[in-house]
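Colleague: Note that the protein sequences, when read in sequence, are chains B and A.
Here UniProt numbering is used: position 75 in the first sequence is 75, and no number is missing along the way.
Here UniProt numbering is used: position 136 in the second sequence is 136, and no number is missing along the way.
Simulated from the structure, these hints should not be mistaken for lab results.
Some clues are possibly wrong.
Below, computed lysine to any residue pairings styled on SDA-like, alpha-carbon distance capped at 25 Å [as the list claims (entries may be wrong)]:
no.	chain 1	residue 1	chain 2	residue 2
1	B	88	A	103
2	A	328	A	405
3	A	114	A	80
4	B	18	A	70
5	B	88	A	75
6	A	68	B	78
7	B	18	A	125
8	A	124	B	71
9	A	184	B	26
10	A	362	A	124
11	A	296	A	184
12	B	18	A	402
13	B	88	A	39
14	A	235	A	72
15	A	68	B	79
16	A	402	A	296
17	A	296	A	420
18	A	124	A	111
19	A	68	B	31
20	B	18	A	133
21	A	77	B	85
22	A	68	B	81
23	A	296	A	336
24	A	189	A	73
25	A	124	B	78
26	B	88	A	383
27	A	235	A	306
28	B	88	A	148
29	A	189	A	411
30	A	124	A	164
31	B	88	A	72
32	A	124	B	21
33	A	68	B	74
34	A	77	B	73
35	A	68	B	83
36	B	18	A	177
37	B	88	A	110
38	A	124	B	61
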Amino acid sequence: MGLKWDDLLMEEREDVQKAISRLPEREQYDRAFRIRTAVQQSILHKGLPKDQWVTPEQDTRYMTPYVLQVEAENNERAYYDNIEVERKK
Amino acid sequence: MFARSRALRNVVNSTRTYATSVADSAGVKVAGVDLGQPTTSISVVVKAGSRYETLPGVAHALKNFAFKATSNASSLKIVREAELYGGVLSSGLSREHLFLNAEFLRGDQDHFVKVLASVLSASKYHPHEFSELVMPTLQSETLNAMATPSTLALDLAHHVAFRRGLGNSLFASPHSPLGVQDVKEYASKAFAKSNIAVFGTGISTEALSEAVGKAFGGASSSSSTGSSLSSTGSKYYGGEQRVPIDAHSGGQPTMVIAFGTTEITPELNVIPELVGGASALKWVPGTTPLAQAASKVPGSKIQSFHLPYSDAALVGVSITASTSEAVKELAKEVVNTLKGLASSSGMDGEAVTRAVAAAKFKAANALDNKEGLLAAYAPGIFSGKEVEVKDFSSVSAETLSKTAGNLLKSKPSVVAVGDLAVLPWA
Chain B
1 MGLKWDDLLM EEREDVQKAI SRLPEREQYD RAFRIRTAVQ QSILHKGLPK
51 DQWVTPEQDT RYMTPYVLQV EAENNERAYY DNIEVERKK
Chain A
1 MFARSRALRN VVNSTRTYAT SVADSAGVKV AGVDLGQPTT SISVVVKAGS
51 RYETLPGVAH ALKNFAFKAT SNASSLKIVR EAELYGGVLS SGLSREHLFL
101 NAEFLRGDQD HFVKVLASVL SASKYHPHEF SELVMPTLQS ETLNAMATPS
151 TLALDLAHHV AFRRGLGNSL FASPHSPLGV QDVKEYASKA FAKSNIAVFG
201 TGISTEALSE AVGKAFGGAS SSSSTGSSLS STGSKYYGGE QRVPIDAHSG
251 GQPTMVIAFG TTEITPELNV IPELVGGASA LKWVPGTTPL AQAASKVPGS
301 KIQSFHLPYS DAALVGVSIT ASTSEAVKEL AKEVVNTLKG LASSSGMDGE
351 AVTRAVAAAK FKAANALDNK EGLLAAYAPG IFSGKEVEVK DFSSVSAETL
401 SKTAGNLLKS KPSVVAVGDL AVLPWA
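I would like the entire structure built from these sequences, with the hints used as guidance.
Modeller: If you want it as structure tokens, here you go:
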């Protein structure tokens, strides 16, 4: 189908949406292109020709760092929202 | 409670001192003025105002990038920690300087100076912060300025008066795109140690330089090698600019008539007081010629201003009224008053004494609050100059009319914002 692993991340989550918006423009375009190709192949009930398959070297986790960054930000916000302040002894 | 009791204790111990000496700490100029107030405010003054900018609007973008993620803290952490200390962080931009301010209770200077130092040396300038946090504020500030005729008119008056350098707009423009890389490059040039000074109120120079030495000394030295920004000396041009405003936007038509000079004399402080505009008393029209003129048209406002810069000054009058017709009438009166200044016969001895006294009071009074102190210290701090209240003893009716005559000989900078079919030409 020509998809990368990170194309299959659950898109309906808010943090993944934010990560997608932070991708470089080129990555965003390529991602949309791969998903469209996959949908088209699915409609045709056909696999891609072998020369267009994604090789293991090409299957980079291009979006994971951005998702982790957003997650860390959310965690930090939650931490500061629930922080208990102790008086300096 | 703890913070308050500590603050009070310090207030009792401290004496009212005017520590105006400028010290050198970790390669950075430091000065503090302690008037015994319960809060301390520290400003990092960077010679990176709009006149030094390499691309239009980059100084404005850098101002809005202050207190974003650094290598040891995210922007959220910086803000929440400042809140826990009960402090306020802010940044400001003038034509010559970029300010990073921190206001907090006495005794917390170590934390806040560390925050300021990390903003200067370790800001990350993430692309996503630029598009998610900086751009929206940049756009709204610019839109707001463009929709406020008085701000827009003054900005344009600088533009026609000085063209480049001091004439650069304070606001980023939608017509010149900026990228995060541009901001990063500008910051690396601007935040060189020779380009930075730290000014504090409510803190002694010694305590401040100790805190600065601790925080800035450990900071990465990459910033100290950066080259300083440069700007060519100012030259006055003058000219005219006319901008229509949308009649339904709610903005009031405004005209600015200004004269610039590169010779700075105490007379320039007195001229705005002489022509006046503002009244010293509430609900009563003032006695100055322009205040009298403004009182004839209800809802109108005439303000005279003197904007000093390091190598130039802009003196002028700003007229605002509810209709363009009223602005036109008032502009005629203003021009007549300004012309009258050049002839010494038009100068009343009593009015001159009054204006000198008003200018003296204004200059002295400015040194009584944080903003005024900062404005007074910012230019001199880099050269280690002490600040003193301006001397107006040399000002007389003759010198005033001579200065006014020289000013009026140059081409005026006239900006009209409003209904262009009605507003007069220069």
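Colleague: Please go over all the hints and tell whether each is borne out by the structure.
Modeller: Structure-based check of each hint:
1. 88(B) <-> 103(A): holds, 21 Å
2. 328(A) <-> 405(A): Answer holds: residue 328(A) to residue 405(A) is near 24 Å, not above 25 Å.
3. 114(A) <-> 80(A): holds, 15 Å
4. 18(B) <-> 70(A): holds, 21 Å
5. 88(B) <-> 75(A): holds, 24 Å
6. 68(A) <-> 78(B): Holds - the C-alpha atoms of residue 78(B) and residue 68(A) are around 18 Å apart, at most 25 Å.
7. 18(B) <-> 125(A): Holds. Residue 18(B) to residue 125(A) sits at ~18 Å (cutoff 25 Å).
8. 124(A) <-> 71(B): The given pair, whose Cα atoms are some 19 Å apart, holds under the 25 Å limit.
9. 184(A) <-> 26(B): holds, 22 Å
10. 362(A) <-> 124(A): violated, 42 Å
11. 296(A) <-> 184(A): This hinted pair is violated, its Cα atoms lying about 52 Å apart.
12. 18(B) <-> 402(A): violated, 64 Å
13. 88(B) <-> 39(A): With a Cα-Cα distance of about 20 Å, the restraint between residue 88(B) and residue 39(A) holds, given a limit of 25 Å.
14. 235(A) <-> 72(A): Status violated; Cα separation ~44 Å.
15. 68(A) <-> 79(B): Holds, at about 18 Å.
16. 402(A) <-> 296(A): violated, 30 Å
17. 296(A) <-> 420(A): holds, 23 Å
18. 124(A) <-> 111(A): holds, 20 Å
19. 68(A) <-> 31(B): violated, 29 Å
20. 18(B) <-> 133(A): Holds, at roughly 13 Å.
21. 77(A) <-> 85(B): holds, 14 Å
22. 68(A) <-> 81(B): holds, 19 Å
23. 296(A) <-> 336(A): Holds - the C-alpha atoms of residue 336(A) and residue 296(A) are around 16 Å apart, at most 25 Å.
24. 189(A) <-> 73(A): Holds, because 23 Å separates the two Cα atoms, which is no more than 25 Å.
25. 124(A) <-> 78(B): holds, 22 Å
26. 88(B) <-> 383(A): violated, 41 Å
27. 235(A) <-> 306(A): With a Cα-Cα distance of about 17 Å, the restraint between residue 235(A) and residue 306(A) holds, given a limit of 25 Å.
28. 88(B) <-> 148(A): Not satisfied, since the Cα-Cα distance of roughly 47 Å exceeds 25 Å.
29. 189(A) <-> 411(A): violated, 35 Å
30. 124(A) <-> 164(A): violated, 30 Å
31. 88(B) <-> 72(A): Given pair residue 88(B), residue 72(A) holds - Cα atoms ~22 Å apart, limit 25 Å.
32. 124(A) <-> 21(B): holds, 19 Å
33. 68(A) <-> 74(B): Within the cut-off at roughly 16 Å; holds.
34. 77(A) <-> 73(B): Holds. Residue 77(A) to residue 73(B) sits at ~10 Å (cutoff 25 Å).
35. 68(A) <-> 83(B): Given that 25 Å is the threshold and the Cα spacing comes to 21 Å, the pair holds.
36. 18(B) <-> 177(A): At roughly 24 Å apart (the allowed maximum being 25 Å), residue 177(A) and residue 18(B) satisfy the hint.
37. 88(B) <-> 110(A): It holds: about 15 Å lies between the C-alpha atoms, which stays within 25 Å.
38. 124(A) <-> 61(B): holds, 23 Å
The structure is inconsistent with the numbered hints 10, 11, 12, 14, 16, 19, 26, 28, 29, 30, although it conforms to all the rest.
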